[in-house]
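Take a look at the letters that make up each chain.
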Amino acid sequence: MLNFAMDVLRLQQQHSQLTYSLFNEGFLDEQFTQLQQLQDESNPDFVSEVVALFFDDSDRLLENLGKALEKEPIDYKKLDAHVHQFKGSSSSVGAHRVKNACIAFRAYCDENDRAGCIQCLQHMKHEYYLVKSKLQELFHLEEEILSAGGTLPLIE
Amino acid sequence: MDLCNCIDPPWSADDLLMKYQYISDFFIALAYFSIPLELIYFVKKSAVFPYRWVLVQFGAFIVLCGATHLINLWTFSMHSKTVAVVMTIAKVCTAVVSCATALMLVHIIPDLLSVKTRELFLKNKAAELDREMGIIRTQEETGRHVRMLTHEIRSTLDRHTILNTTLVELGRTLALEECALWMPTRTGLELQLSHVLCHQNHVPYTVTIKHPNVNQVFSTNRAIGIPPTSPIAMIRPRSGKIMTGDVVAVRVPLLHLSNFHMNDWPEPSKRQYALMVLMLPSDSARRWHLHELELVEVVADQVAVALSHAAILEESMRARDLLMEQNVALDLARQEAETAIRARNDFLAVMNHEMRTPMHAIIALSSLLQETDLTPEQRSMVETILKSSNLLATLMNDVLDLSRLEDGSLELNIRKFNLLAMFREVHNLVKPIASVKRLSVSMTLAPDLPQYAVGDDKRLMQIVLNVVGNAVKFSREGSILVTAQLERPEALRDSRVPDFYPVQGDFHFYLRVQVKDSGLGINPQDIPKLFNKFVQSDVMTTRNYGGTGLGLAICKRFVNLMEGHIWLESEGLGKGSTAIFIVKLGIPDPRNELDHQIAFPIQSNSNHTDFSGLKVLVTDDNGVNRMVTRGLLARLGCDVTVVSSGRECLQAISQAGQNFKVLFLDVCMPEMDGFAVAAHIQEMIPHQHERPLLVALTGSTDKATRENCFKVGMDDVLLKPVALEKMRSVLAKLLEHGSQCKSR
Numbered sequence: 120m121l122n123f124a125m126d127v128l129r130l131q132q133q134h135s136q137l138t139y140s141l142f143n144e145g146f147l148d149e150q151f152t153q154l155q156q157l158q159d160e161s162n163p164d165f166v167s168e169v170v171a172l173f174f175d176d177s178d179r180l181l182e183n184l185g186k187a188l189e190k191e192p193i194d195y196k197k198l199d200a201h202v203h204q205f206k207g208s209s210s211s212v213g214a215h216r217v218k219n220a221c222i223a224f225r226a227y228c229d230e231n232d233r234a235g236c237i238q239c240l241q242h243m244k245h246e247y248y249l250v251k252s253k254l255q256e257l258f259h260l261e262e263e264i265l266s267a268g269g270t271l272p273l274i275e
Numbered sequence: 004m005d006l007c008n009c010i011d012p013p014w015s016a017d018d019l020l021m022k023y024q025y026i027s028d029f030f031i032a033l034a035y036f037s038i039p040l041e042l043i044y045f046v047k048k049s050a051v052f053p054y055r056w057v058l059v060q061f062g063a064f065i066v067l068c069g070a071t072h073l074i075n076l077w078t079f080s081m082h083s084k085t086v087a088v089v090m091t092i093a094k095v096c097t098a099v100v101s102c103a104t105a106l107m108l109v110h111i112i113p114d115l116l117s118v119k120t121r122e123l124f125l126k127n128k129a130a131e132l133d134r135e136m137g138i139i140r141t142q143e144e145t146g147r148h149v150r151m152l153t154h155e156i157r158s159t160l161d162r163h164t165i166l167n168t169t170l171v172e173l174g175r176t177l178a179l180e181e182c183a184l185w186m187p188t189r190t191g192l193e194l195q196l197s198h199v200l201c202h203q204n205h206v207p208y209t210v211t212i213k214h215p216n217v218n219q220v221f222s223t224n225r226a227i228g229i230p231p232t233s234p235i236a237m238i239r240p241r242s243g244k245i246m247t248g249d250v251v252a253v254r255v256p257l258l259h260l261s262n263f264h265m266n267d268w269p270e271p272s273k274r275q276y277a278l279m280v281l282m283l284p285s286d287s288a289r290r291w292h293l294h295e296l297e298l299v300e301v302v303a304d305q306v307a308v309a310l311s312h313a314a315i316l317e318e319s320m321r322a323r324d325l326l327m328e329q330n331v332a333l334d335l336a337r338q339e340a341e342t343a344i345r346a347r348n349d350f351l352a353v354m355n356h357e358m359r360t361p362m363h364a365i366i367a368l369s370s371l372l373q374e375t376d377l378t379p380e381q382r383s384m385v386e387t388i389l390k391s392s393n394l395l396a397t398l399m400n401d402v403l404d405l406s407r408l409e410d411g412s413l414e415l416n417i418r419k420f421n422l423l424a425m426f427r428e429v430h431n432l433v434k435p436i437a438s439v440k441r442l443s444v445s446m447t448l449a450p451d452l453p454q455y456a457v458g459d460d461k462r463l464m465q466i467v468l469n470v471v472g473n474a475v476k477f478s479r480e481g482s483i484l485v486t487a488q489l490e491r492p493e494a495l496r497d498s499r500v501p502d503f504y505p506v507q508g509d510f511h512f513y514l515r516v517q518v519k520d521s522g523l524g525i526n527p528q529d530i531p532k533l534f535n536k537f538v539q540s541d542v543m544t545t546r547n548y549g550g551t552g553l554g555l556a557i558c559k560r561f562v563n564l565m566e567g568h569i570w571l572e573s574e575g576l577g578k579g580s581t582a583i584f585i586v587k588l589g590i591p592d593p594r595n596e597l598d599h600q601i602a603f604p605i606q607s608n609s610n611h612t613d614f615s616g617l618k619v620l621v622t623d624d625n626g627v628n629r630m631v632t633r634g635l636l637a638r639l640g641c642d643v644t645v646v647s648s649g650r651e652c653l654q655a656i657s658q659a660g661q662n663f664k665v666l667f668l669d670v671c672m673p674e675m676d677g678f679a680v681a682a683h684i685q686e687m688i689p690h691q692h693e694r695p696l697l698v699a700l701t702g703s704t705d706k707a708t709r710e711n712c713f714k715v716g717m718d719d720v721l722l723k724p725v726a727l728e729k730m731r732s733v734l735a736k737l738l739e740h741g742s743q744c745k746s747r
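Going down the list, the sequences are from chains A and B.
Here the first sequence is numbered in the numbering used here, starting from 120 and rising by one per residue.
Here the second sequence is numbered in the numbering used here, starting from 4 and rising by one per residue.
Everything labelled a hint here was simulated from the structure, so no lab data went into it.
Computed from a prediction, not measured in an experiment: that's the story for all the values here.
One should not assume that every hint holds.
Over 12 Å on every C-beta distance to chain A, these chain B residues come out as not near it, computed from the model [to be verified]:
hint: 1; residue: 58
hint: 2; residue: 86
hint: 3; residue: 211
hint: 4; residue: 314
hint: 5; residue: 570
hint: 6; residue: 628
hint: 7; residue: 720
hint: 8; residue: 725
Okay, the calculated bits of chain B under chain A, using three or more residues with CB under 8 Å as the criterion [what the hints assert, rightly or not]:
hint: 9; stretch: 366-372
hint: 10; stretch: 563-569
Note that CB positions come from ideal geometry on N, CA and C, so glycine has one too.
One chain only, chain A, in its complex shape (with noise of 0.2 Å):
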């Protein structure tokens, strides 16, 4: 008799599961929360908003480093420009990993290591599609439970 409530039960549920997992995973952290502190009636899609740019953001910075790294010589300077966008604009949205893994590319870019910067870029790229990955789907779910009539979850 409540079937078709319990399909929006089931996407509440997956969503539920898959933000538990982004978190428990470290994929994302608090910083994604503030993010959706910030989303009120007034500012409905701010976090897809934010997220929207650091992916075209950070699709465009990737493809830089890679360009960069192509290079001969490296820029090292240059490279480390781009990383520390990189990196900040992934610690703002609060993609945790990516951040890390930013982290880890300046050491190697300080240490001139270009092997390791490119071993280290594919690891960031790894993350940062993960991340996009799980996020676009986060979203989905999102739309499909707004669109089923549903609510979305509260936020712990």
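Use these hints to put chain B onto chain A, whose structure you have.
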């Protein structure tokens, strides 16, 4: 001879007679003279004699008579004419006075006689009064005795003490030899000797109630004398021929509580009596006096009253003890019941949690499993698992809800909510499922429905969903019409809802929701049963449609909690059915704007939260950072402007009419970093009070950066990313400090 008129009596044999006459006359005169003197003397002595002038008259009469007799003494011998004349005058006077006196005595003597009569009368009266006084005194004494007896009797509520005291006091007052009380036995056919004054014997005598003496005594409420040989007078064992004194017996009515019904005195035959026997001492010749008998009767009545009081007290004590026992038992039972309820609640709470946790785990993991790659076979298995576990979860929830509903521990979560939004949500939930079944769902909301209402929206939605769900479930085709409207209380008072008494009021309204479907319909006879737990229309329904049968029961409970009414109507099988419910919702207070359905909790900080309108400028080259910082500050109420480079920042500052209070500068920017910007600003605006506050934003934690910031003139340094509360407190501190600066 000569012309003397005197008689010349010779002294002859007549001389003796003459002499005697002479002497008598003399004495008479003497007496006559002395009587008035005596009278005067004694009357003078007494003060009371009223007839003085009579006395004078009388005195005069006597004196004159005496004078006559005295003068007579001279007439015995030769006397002159003068003497004769004097004699004559005296006699004449005497005659006059005596006649007058005689006449007067006619008046006086009756008076004197009447005085005497009065005296006699008074004496009689006095004697009578004396007698009466004697009687009164006796009565008073009797009364005193009775009062004393009564006081003694009534000063105790113990039956035996009452009876003993009665006997003792009676014995004392009337100086009795023996006094005894015969009480009826349990069977009521015999009298048993229960209390005796003097002679205590332990062998109980009994007398049958049919004895003529007994009947005699019982038939009247007076004390009557009985022969000493009567068995009731045989109180002591016969030891020789002892002459006993007069014996008197009186009945004592025994009043029982049960005898007193309303306007319904028991018939005399049902009454039970005790018998009191009183014996005068045998050695005196006393007889029973009337007043003594009266005393005995009065005492008997008093005893009856005292006994009845004692009986009532006994009853009430017994009743009280019984009540106390019952109270204790009830208390115990209540405690046990409470313990049982607590145990049940604890059990439910535990089971609730214990059952739900694995349930949720199953559901969550099954749905996650669904997301992975599965073969079609596996997928259908997982779907079945999911469906079954959902059903089970629903069933558990229903059962747990219902049990909480039943013992009244469920409370509604009253709050303000958007009524129209709730209906929209229901519609959105129902539409997809209904469309799968090719059913159309139309929802009509009356225009006068308020947008906001106060009540338990979750449970209201549950009710609506349940009802609409049933409609969908039991319809194979057709349409479902849902209408919601305001209900006027007058419209509700019809025969279909006899027990429902809605009340008009200013702070609430009644919502009527009607769900009409064109489905299976319900047999009108089955309608009352549908709201019972676990009942569905018939077994086939359960088999075909599933469900627990609890939904309507829960709905009914919720509707009742909302002071409403829910019922179903159907014209019969195959003719569709209509479910209608009415619930009471509150009208939200327009002043109270705080109870919105808030999705995110706002942490409140009491001081310095009013940053509204505070103009701030954020300089950061990173787009994401800019956006985040802007959002943060906007949340705090600031009026935020963002620029992406130091140059733009300086441009913004140097514009005329700018009044940025706070500047947020990212330290690491290409071209012109935060330090440079700060330095420029110092140059541009040398006066501190005109300068905006400068806050550095940096991602690095090392001290050097921090020190440099302060060196360059920054007012504060913030570590990115900034938390909302940190921003708030920093702003607050800055503004306070800033205002302090400016006030100098």
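I'd like to know which numbered hints this structure contradicts. Please list them from smallest to largest.
6, 8 and 10
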